[in-house]
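**Q** In case you want the letters, here they are:
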Amino acid sequence: MATALAVVRLRSLFAVVMLAGIYSLVTAGIFLTLDAVDVAFTEAAVGAGIATMLMLGTLALTGHKQTPPRHSPVLPLMVVTITGVVLLWGTHDMPRFGDPDAPIHRHVAPRYIEESPTEIGLPNMVTSVLASYRGFDTLGEVVVVFTAGVGVLSLLGFRRRRPPRQDSESSKEESDG
Amino acid sequence: MGDDRVLRVIARLLIPFILLFALYVQFHGDYGPGGGFQAGVIFAAGIILYALTYGVEPAMRLVPRRLLAPLAALGVLLYGGVGVATMVLGGKFLDYSVLAHDPLHGQHYGILLIELGVGITVAAVMLLIFFAFMSREG
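As given, the protein sequences belong to chains A and E, one line each in that order.
First residue of the first sequence: 1, per my numbering; consecutive thereafter.
First residue of the second sequence: 1001, per my numbering; consecutive thereafter.
One chain only, chain A, in its complex shape:
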């Protein structure tokens, strides 16, 4: 929470990227305490690791300082506040956390828990659901990842590689500056 507030306040984008990485790491810790180890894994590796790196790469391409906004922050703040209140109000109807009678625990989850050891035979139920019961969804996710790669390549592309000597010079200048 404190990290999120700091991210909003800070103007130095480098610090913002670092704090966002820390935020991801803390989130991974929260997932871990909720026993969602698979999600925690992904959050730690993607959110704290690779996303931070890509942000840093973007910073290297653009600038390190945020330009001060020209419009007043009142309207965006109002929109955000209203959306937040509506979202909080929406959670009011939701069943309590961990409630065994919640609809999500009575739909297909019991079948997964009871049948997957005999149907799939894997100790890790998350893998059974992800790869077998929901195999089609996962295929869609992989295609999404692939499409993202294709999209970035078509937008950025590869610049022709410079000779290595020139590259080491430019990197030295960067570390000096």
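Calculated directly from the structure, the hints in this document are not laboratory data.
As the structure is a computational prediction, the values presented were derived from the model and not from experiment.
Be aware that a few hints might be false.
As the list claims (entries may be wrong) - Here are some chain A residues the structure puts well away from chain E; computed CB gaps all over 10 Å:
{"#": "1", "residue": "L25"}
{"#": "2", "residue": "L34"}
{"#": "3", "residue": "Q66"}
{"#": "4", "residue": "T67"}
{"#": "5", "residue": "T83"}
{"#": "6", "residue": "W89"}
{"#": "7", "residue": "F97"}
To be verified - 25 Å max Cα-Cα, derived DMTMM-like pairs, lysine to aspartate or glutamate:
{"#": "8", "chain 1": "E", "residue 1": "K1092", "chain 2": "E", "residue 2": "D1030"}
{"#": "9", "chain 1": "E", "residue 1": "K1092", "chain 2": "A", "residue 2": "E141"}
{"#": "10", "chain 1": "E", "residue 1": "K1092", "chain 2": "A", "residue 2": "D137"}
{"#": "11", "chain 1": "E", "residue 1": "K1092", "chain 2": "A", "residue 2": "E114"}
{"#": "12", "chain 1": "E", "residue 1": "K1092", "chain 2": "E", "residue 2": "D1102"}
{"#": "13", "chain 1": "E", "residue 1": "K1092", "chain 2": "A", "residue 2": "E115"}
What the hints assert, rightly or not - Per label pair, the in silico range of CB-to-CB distance:
{"#": "14", "chain 1": "E", "residue 1": "L1007", "chain 2": "A", "residue 2": "L32", "range": "22 to 32 Å"}
{"#": "15", "chain 1": "E", "residue 1": "V1006", "chain 2": "A", "residue 2": "L10", "range": "20 to 30 Å"}
{"#": "16", "chain 1": "A", "residue 1": "T58", "chain 2": "E", "residue 2": "R1008", "range": "19 to 29 Å"}
{"#": "17", "chain 1": "E", "residue 1": "D1004", "chain 2": "A", "residue 2": "L61", "range": "16 to 26 Å"}
The beta carbon of each residue, even a glycine, is placed where N, CA and C say it ideally should be.
Guided by the hints, dock chain E onto chain A, whose structure is given.
**A** Here is chain E on its own, set in the frame of chain A:
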């Protein structure tokens, strides 16, 4: 990027274990936490750490980018190919039970193969995006 010797030595110590851990997460995902997505990301993170400490050029020599785009496609094709194979063998799309005589073994093989496809695609795409950003730098 930097010439920090401490960083380089530590990275050299850590990277083999990161890559090995990625393979462990990949192939042990059926039993413990993890799977293709996580393994691919961890593998890519290991290579990215190498690129950060030893420079992008050596990393690009290590993982040629001409290879990455075909690998990304190969993962998706492997996943889809398993689905088509199950259809050819008389099951539904992605119904792994028909892959072996014992339905349980079939499920096992199917999940192993599609997780491999996921891992290959995710690692290749992450590295592609990273290299695409880094190749424009400067």
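**Q** Does each hint fit the structure? Answer for all of them.
**A** Structure-based check of all given hints:
no. : hint                           : in the structure
1   : L25                            : 13 Å, holds
2   : L34                            : 13 Å, holds
3   : Q66                            : 20 Å, holds
4   : T67                            : 22 Å, holds
5   : T83                            : 30 Å, holds
6   : W89                            : 34 Å, holds
7   : F97                            : 22 Å, holds
8   : K1092(E) to D1030(E)           : 22 Å, holds
9   : K1092(E) to E141(A)            : 20 Å, holds
10  : K1092(E) to D137(A)            : 15 Å, holds
11  : K1092(E) to E114(A)            : 23 Å, holds
12  : K1092(E) to D1102(E)           : 16 Å, holds
13  : K1092(E) to E115(A)            : 19 Å, holds
14  : L1007(E) to L32(A): 22 to 32 Å : 27 Å, holds
15  : V1006(E) to L10(A): 20 to 30 Å : 28 Å, holds
16  : T58(A) to R1008(E): 19 to 29 Å : 25 Å, holds
17  : D1004(E) to L61(A): 16 to 26 Å : 23 Å, holds
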